[in-house]
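Visitor: My request is simple: use the sequences and hints to build the entire structure.
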Amino acid sequence: MSGSAVFLQQLANGLVLGFLYGLIAIGLSMVYGLLRMINFAHGDVLMVGVFIALPVSWMGAPFPIVLLAGIAAATAVGGLIQWTVYRPLIRSRDVTLLVASLGVSLLLQNLVLMLTSPQPKRPDPEAFLDAPFQIGGVFLRNVDLLIVALALAFVIGTHYFLQNTRPGLAIRALSQDLNAARMMGIRVQRMVFICFLVGSALAGVAGVFIGYKYGHLTPYSGFLPGVKAFVAAVIGGIGSFPGAVVGGIILGLLEVFLVGYLPDQLAQFRDAYVFLVLILVLLIRPSGLFGRAEFVKA
Amino acid sequence: MIRVRKATIPIALLLLIAALWLAQSQLNAFYLQVLGLLGINIMLTVSLNLAAGYGGMFSLGHPAFAAIGGYTAAVLTYPVAMKAFRIPAYPEWLLQIAVPFLPALILGGLAASIAAVLVGWPVLRLRGHYLAVATLGLTVIVQVSIVNLVDYTRGALGLSGIPNYANLWWIYGFVVLTMYVVYRLVHSRFGRALRAVRDDTVAAQMSGVNVARTRLIAFTISAFFAGIAGGLLGHLLRILTPGQFSFNAVFIGVAMMILGGMGSITGSVIGALIMTILPQFIIPFERGGSFFGFELPALHGLTQIVTALILIIVMLIRPEGIAGSKELTMRNLVTRTRGPAIRTSVKTSGSEVEAK
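The listed protein sequences derive, respectively, from chains A and B.
Residue numbers for the first sequence follow my numbering, so the first one is 136 and each next one is one higher.
Residue numbers for the second sequence follow my numbering, so the first one is 564 and each next one is one higher.
The hints are simulated quantities; they were obtained by calculation from the structure and are not laboratory data.
Since the structure is predicted, the reported quantities are computational estimates derived from the model, not experimental observations.
Ideal Cβ positions, reconstructed from N, Cα and C, are used throughout, including at glycine.
Treat each hint with caution, since some may be false.
What the hints assert, rightly or not - Listed next, the stretches of chain A that the computed footprint assigns to chain B, with coverage defined by at least 3 CB atoms under 8 Å from CB atoms of chain B: (1) 218-231; (2) 245-251; (3) 364-377; (4) 404-410; (5) 416-424.
Guide: Written out as structure tokens, the structure is:
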């Protein structure tokens with residue numbers, strides 16, 4: 136392969152990974168914008184979504200049904216967690232919410248571990264999704280194309296929801312000033328709940344695609360993508376909707392290019408680079424690309 | 564009453580020494596190891612509490628600091644005869660020396676402090692809980708590095724054959740030292756500044772506190788003790804593996820701290836005690852088998868589920884933990900009957916949903 140072909144291939148791979156990060160980051164960013172809460176359980180909601188969608192796939196259901204099952208499961212789990220754990224804590228200190236989300240994350244991982252088995256799993260392969268195709272020297276599978284197309288569709292859908300509906304308006308108002316919005320009569324708890332539903336649904340989409348693209352699902356597969364997606368949200372500017380998507384794409388590209396172009400010994404440190412990037416971003420531009428600055432002056 | 568207080572600490576120390584002497588001479592190796600782990604967990608929790616409880620810096624990187632301290636100390640004390648073929652990548656002069664235990668521990672602690680400065684300096688200036696994610700990132704970075712730097716750490720195999728230096732005297736000596744230093748620190752001028760920063764950054768700044776510097780110093784000291792705890796761990800178990808410093812260690816560390824109470828040394832001891840002893844009773848159930856006449860399958864991850872439920876339930880029912888921010892002292896015991904002791908900052912579930 137020539138140099139430019141390798142470059143284009145990496146670009147395509149990075150974009151695909153980036154859209155997955157973006158889908159996960161939207162939920163994290165929205166929740167942080169409202170509650171100043173880092174939801175460590177977000178990635179695990181994704182994982183539970185896939186693990187419920189897996190048996191659907193093994194029963195021979197076609198891809199769209201599996202996707203719907205994953206979305207429904209993730210949405211239900213995300214909503215359930217918000218209702219039972221986060222909802223009563225909405226007025227507590229933000230560290231309380233953070234610890235609670237750590238607890239939920241650990242609980243989800245190990246409940247799934249206990250109820251299934253530690254062996255990695257994958258959905259039944261779909262001939263259509265695995266079919267390869269080629270554009271100008273770049274080899275991809277249909278699943279990659281579908282990830283980009285559906286991710287774009289869902290991003291545009293969420294954007295429409297936030298900009299053009301009453302609940303969307305309420306959520307934007309809340310993230311600007313929670314107390315002022317509350318005084319205007321916005322139902323805070325209900326809007327936070329909706330936020331969790333939307334974020335979890337998008338995570339469910341990402342989860343099912345991760346299952347089809349990478350296979351190899353374990354109860355721990357969700358946690359690290361969840362934390363990395365938070366890094367993506369920080370890159371884009373936490374609390375910003377376009378920031379989450381753009382940050383996701385940037386992070387995906389960075390990760391793929393670093394691994395692709397570094398020598399083999401250094402490429403193994405893949406996960407470490409993501410967090411080095413985070414520390415660099417916090418050092419240079421902590422408000423991210425589209426965010427507002429939150430400083431303590433030194 | 565003054566007399567009572569003055570006598571308390573020597574008496575407590577004497578009791579501890581007697582108990583340690585008894586334990587060291589009577590107990591078998593298994594119980595000695597559990598007691599050793601308890602001491603190390605107390606150190607880790609007290610040091611995490613200095614950062615998170617007193618300083619409001621919620622760190623998820625303490626396992627990373629312990630790993631850095633642990634591996635540094637272990638490499639320094641490692642027998643020269645085994646260094647050359649087990650961990651050959653170090654420079655020649657380092658392969659030729661085996662450092663005594665105490666300097667090795669302290670160098671380990673210093674290495675952890677350096678890591679804390681590198682992460683803390685960019686992140687501690689920021690509001691919000693970026694530190695949690697950045698330090699969780701540090702845990703990932705250290706984990707990945709240990710696994711991949713096989714010639715330095717023996718990778719996933721684990722660095723085995725570390726000399727067995729850490730007995731109960733060493734461990735509890737450092738436990739007492741950690742508790743003393745942290746107690747004196749948080750009840751000093753510096754500690755008041757630190758708690759002021761935690762409670763109201765802007766007000767602290769107005770009163771002339773250098774916010775970023777205060778936080779960074781506390782964070783670095785906290786990492787130092789976590790590093791020493793890691794060094795003790797390696798020389799107690801005689802092996803260090805990356806698995807000891809994984810996400811799981813993060814969760815357990817947080818559970819120990821919040822269960823006991825953020826901002827209380829007494830609470831740290833209680834939390835560490837519960838989270839060290841409890842798993843010993845749960846582990847048999849994870850393997851499955853017959854209990855009290857019931858046939859149970861192997862319940863993988865039961866310890867973690869219990870840890871998780873502790874985290875969630877404590878947050879829902881008593882977010883300040885068992886001890887809150889109170890300490891068990893002679894003065895508090897004596898004055899209990901005459902009304903409340905000097906009130907430290909009691910910070911419970913006040914509404915603090917940030918309005919930005």
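Visitor: Does each hint hold? Answer for all of them.
Guide: Results of checking the hints against the structure:
no. : hint    : in the structure
1   : 218-231 : holds (count 10)
2   : 245-251 : holds (count 4)
3   : 364-377 : holds (count 3)
4   : 404-410 : holds (count 6)
5   : 416-424 : holds (count 3)
Violated hints are absent here; each numbered hint is respected by the structure.
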